[in-house]
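There are 2 protein chains.
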Amino acid sequence: MLHATFAPAHPTHRQCANAIRILAIDAIEKAKSGHPGAPLGMADMAEALWRRHFRHNPANPAWPDRDRFVLSNGHASMLLYALLHLTGYDLPMSEIENFRQWGSKTPGHPETGLTPGVNMTTGPLGQGLASAVGMALGERMLAARFNTRDFKLVDHHTWVFCGDGCLMEGVSHEACALAGIWKLGKLIVLYDSNGISIDGPIAPWYNEDVCARFTAYGWQVIGPVDGHDSDALDRAILEARGDADRPSLVVCRTHIGFGTSKADTEKCHGSPLGEEAARAAREALDWHEPPFVIPDALYKAWDAREAGKALEAEWKTALAACRQSRPELAVEFERRMAGDVPDDWHDIWRNICSEVKTSAQAAATRATSQKVLEYLVPRLPELVGGSADLSGSVGTLTAASTRFDPTSGQGNYISYGVREFGMGAIMNGLALHGGFIPYAGTFMAFSDQAKNAVRLTALMGLRLVWVFTHDSIGVGEDGPTHQPVEQLAALRATPDILLWRPCDMTETAVAWKLALESRRRPVCLSLSRQNLPFYTRNDDQIASVARGGYVLRDCAGVPQIILIATGSEVSLAVDVAERLEGMGYRARVVSMPCTELFDEQDAAYKKNVLPDACRTRLAVEAAAPDFWRKYVGLDGAVCGMSSFGASAPAARLWEHFGFTVEHLLDMALELLKNRK
Amino acid sequence: MLHATFAPAHPTHRQCANAIRILAIDAIEKAKSGHPGAPLGMADMAEALWRRHFRHNPANPAWPDRDRFVLSNGHASMLLYALLHLTGYDLPMSEIENFRQWGSKTPGHPETGLTPGVNMTTGPLGQGLASAVGMALGERMLAARFNTRDFKLVDHHTWVFCGDGCLMEGVSHEACALAGIWKLGKLIVLYDSNGISIDGPIAPWYNEDVCARFTAYGWQVIGPVDGHDSDALDRAILEARGDADRPSLVVCRTHIGFGTSKADTEKCHGSPLGEEAARAAREALDWHEPPFVIPDALYKAWDAREAGKALEAEWKTALAACRQSRPELAVEFERRMAGDVPDDWHDIWRNICSEVKTSAQAAATRATSQKVLEYLVPRLPELVGGSADLSGSVGTLTAASTRFDPTSGQGNYISYGVREFGMGAIMNGLALHGGFIPYAGTFMAFSDQAKNAVRLTALMGLRLVWVFTHDSIGVGEDGPTHQPVEQLAALRATPDILLWRPCDMTETAVAWKLALESRRRPVCLSLSRQNLPFYTRNDDQIASVARGGYVLRDCAGVPQIILIATGSEVSLAVDVAERLEGMGYRARVVSMPCTELFDEQDAAYKKNVLPDACRTRLAVEAAAPDFWRKYVGLDGAVCGMSSFGASAPAARLWEHFGFTVEHLLDMALELLKNRK
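If you're matching them up, the sequences are chains B and S in order.
Heads up: the first sequence at position 300 corresponds to 300 in this note's numbering, and the numbers run straight through without jumps.
Heads up: the second sequence at position 469 corresponds to 469 in this note's numbering, and the numbers run straight through without jumps.
Any given hint could be a false lead.
Partial selection, computed: residues in chain B whose CB lies under 7 Å from chain S [as the list claims (entries may be wrong)]:
| id | residue |
| --- | --- |
| 1 | TRP102 |
| 2 | PRO124 |
| 3 | LEU634 |
The calculated label-pair distances, taken between Cβ atoms and stated as ranges, are [stated by the list, open to error]:
| id | chain 1 | residue 1 | chain 2 | residue 2 | range |
| --- | --- | --- | --- | --- | --- |
| 4 | B | PRO378 | S | ASP612 | 56 to 64 Å |
| 5 | B | GLU517 | S | GLU283 | 52 to 60 Å |
| 6 | S | ARG52 | B | GLY195 | 41 to 49 Å |
| 7 | B | HIS288 | S | PRO533 | 22 to 30 Å |
| 8 | S | ASP554 | B | SER642 | 24 to 32 Å |
| 9 | B | GLU517 | S | ALA613 | 53 to 61 Å |
These are computed hints drawn from the structure, not numbers from a lab.
None of these values were measured; they are calculated from a predicted model.
For every residue, glycine included, the Cβ atom is placed at its ideal position computed from N, Cα and C.
Build out the structure end to end from the sequences listed, making use of the hints.
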């Protein structure tokens, strides 16, 4: 029994940290791929945090009041898996041995939802840090809402490990500036300052005074401390915790690949050490166990299950006290954290729908979106709105919206400033924390800036709503930098997003309803700047909006041509169909506000809407056209935007780019002439 | 003659500035849209810079050694148009009167190429500032290359106006950190600090210590100065110019909407003042001319034509001296600035092609790309390479690459750090400056972060090359955050980009050749991490690669099925075709590395490659599938990625996601069974 003789009864901090190091080495060697440098470098930081400060219960990774931990430099995934394994999460050694293999719970980069205890999917540098700002914001807002003098339902920290790369990325600037303004004292970032990135020693591309930068944001900056000295780290973390009003950055000086012959070089960053170096590292770390064997004494030293159980039990006592004295508060807290809609959900929507039916008028879909929000925001306290400095234009600010107040923690609206990417990442953090449905708006052209955050939303399956307005050349005079062309295609090509481009008040209301009911898929709304007509629909049609595509205007008998359109172009399609009808043609108009949902309908429904027999199809959308070949095929035609837009009054642009009844009629007649 | 009595012979600085203000007011009122707040607020800054410091020649906006001016807060476009008009550029008053109208040279946001004197298209906040860093870098590199003790061919400043929004955006962090490291002393930013953004007074979302932040980046920070005091601004600019080693940020405290009743509020930001407020502003500014009338004395005070002519003449003397004493230097300088390929261009490519033919082996396309660069970099000094901290992985660093040295200004390679967006914006700046063909690499999944910079590249029609590697689930273990799915669709949907996804050494070499010959359209290369087989082609086929799509493997007679593929999936298509042939079917394989170029071929060629008669078509690409309906229509099929990837060895992923010969064969047989 090697480990019996080796392991002391009371392992040192370093020995505990070395257990992480060895698991990282073993798993990466076995996988023949991975990133050893960072876990080896940050193992002592992890030990100091997780063994001395981190509040969690390995038996319940969903405990609402647990501390959150975000590994922003996600390539250090083995550090996190080792921590979860050692502290007692349901992550057995077999999973560590299966690192980066098909079907394992230990993928190359941490994936939330897959691995118990992983709070966020990370990998794209900087975004973990940025989303942690959202988590800490969520904690602050919920604490202000649910804590009373007698009990605290919400009182936890958000911890981040990040590296140099995270701080180079622009999103770190956007989010951290806000964290300072918001006085998020319970956000504590341990910065793994090792002076090395993939291209080598970083001074030629990263030499900013990080301390001064974060002080400028209003943070408490601590250190530099020796990132391999558990006691020094402990003191620094205590100091960080001591400041309730400022987020803290603890600068930890570390050696990448600590304990190996490749330490302090980029060579240990992104590939296995190799057999020889791995063996030498075991020697250097005074580790004498076979691969994937952890001495019992170390397991014991790491085991957080008892303490975690006690922590959660204490919290449950508070929750019980709340249930006793403030039952309505407890019920609301549990509803919010479960992500359930309020009890009067159906009433709410009945009222909204009846309001839509009554008003029944031409309106910009961004304006209808705002009207829906005016009704929803006072009724759904979980809605946290915001905008990247375009509140008035995108209609996200309602009468019931109050800006988050850093002093009181009150508010349901975030002024994100001109920070689209940070806004997206922070919304992800709010959604990950639980208790919130974030929504926020910007111009659709600037969805570009937020794109990778939107991608992570989809990958994590979070519920939140993007309000992308000014969704075409309808923007007019602001010109091509502000007119989206390719963004619809980009968002539709991204898996697990529902993109809605509604054509009128009714479709906009339905889009919002389904957005809030879509628990696992984020929704992007594509909304017009300009007024769009209102369409009267029968009950069947209204019900069909939720199918993503439906017949808005039909002809008698089998159609000779089908016009497919979304959003602002639907009215053009309807006008063209009327003209065609006047000329004796049978024309159908299909409104297709959400292609993803349409694609998910059964084959019979889809064939009913788009019958095989009619291949004469014309799609109209003021965006990149190729996507629509999916529905019109080789025999149809698409009227779209194959170039960038231009600056001029919108009417002139519609005309120039061919979005007129006359031009579309020509296209339709050409198709009808050539039909097979 | 109102203005004769009004205008003094020697207008004051303020009166000169007011000419800008009035033109902005008049143009925006007439257009009934636009952004008056910023031009009114920055008019004194513009007066101080353009009348006291700015080196330019209105008669020659292309003068290589002119100062560059970037209006990063591009919504202040009328400020720039007023400056160009007043100083004597070819921008008559009729264009000012046509502000934001169809076909005018005065679009809503400045567009380079359209308006003489506009050095960059701006609008998306922060990017002008970031690209200006690239321009200043270009100046530094060219100065180091072409200046001698006897003459200076390159010696100019890069000036930026930016607002609060620009500094909130993450890209400002990425680019400005690098500007500090690079010691770009001739980059001078005048920051319009007016405390207002669209959502109101900014303190709740922007209260960082900007001075400390930029000092942390290694900048000289000057001010705050009164942004309405021309003499104070003059002194600050002089101080900025005095520091040769640090870029300068001049903090200018201004009043947005200066001179109007809406000053210091967001109300004057984004819409016309309105008739009443406009009239009041004329009073307040002591301006008594009719709209669009500028007194002669003011024109005279602004006129920069004489001075500009003299400045350029002086420079031409230096160039003449260079031609005399160092003719080879002058020739090279002029070639570089003209963007012409070197004289031995065709020899270079003959050698590369013969090298490809000789080696003719399986290789990752990223590796072939590097090999091509190994040959090109020493021969094309205009190539400036770089990577967002992935040099080894993306193959951008060659034996002839030397990192830019801030002290000497030497070097042809940029270590951008982990800053994809900043890298894109800086490449745009290098390309805009002239004298360079930038190229840089990152993983394709992270093209997301740079997306809006790529969009601006395309919109501006710049020549540069993105090297996007690791372009599919072939990434393997790093998992879904690192595996692109929707990025190909997003880039293809963006107008005016050529996207190449080559399948082997030959196609990769051709892609690079056409990339460098594509003067007005940027190129994105989509390259594999993994090895791909080499295909032998006849001369016709080799020539056809440049057509973007061609028959790589044909059958005898009319094909019964056409397999279309790109990049790493081409070899699968070839294998499937062979299997089909073995089963008695006639199968053709079309390699389609650049769909944009294929689409531009004449109809006969396209029909020859994809004959109408064969609608049985199967497209294979490990990315979002819908795009391919464009070529396979409703009767074909697409094997693509409809979900995110996963973490596992690549072979396992190819199998799981259906990219196997067996699965594709099944798909092909199913199509053949159902064909019409």
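How the hints compare with the structure:
no., hint, verdict
1, TRP102, "4 Å, holds"
2, PRO124, "6 Å, holds"
3, LEU634, "4 Å, holds"
4, PRO378/B / ASP612/S: 56 to 64 Å, "59 Å, holds"
5, GLU517/B / GLU283/S: 52 to 60 Å, "56 Å, holds"
6, ARG52/S / GLY195/B: 41 to 49 Å, "44 Å, holds"
7, HIS288/B / PRO533/S: 22 to 30 Å, "47 Å, violated"
8, ASP554/S / SER642/B: 24 to 32 Å, "31 Å, holds"
9, GLU517/B / ALA613/S: 53 to 61 Å, "47 Å, violated"
Violated hints, in rising order: 7 and 9; the structure is consistent with all others.
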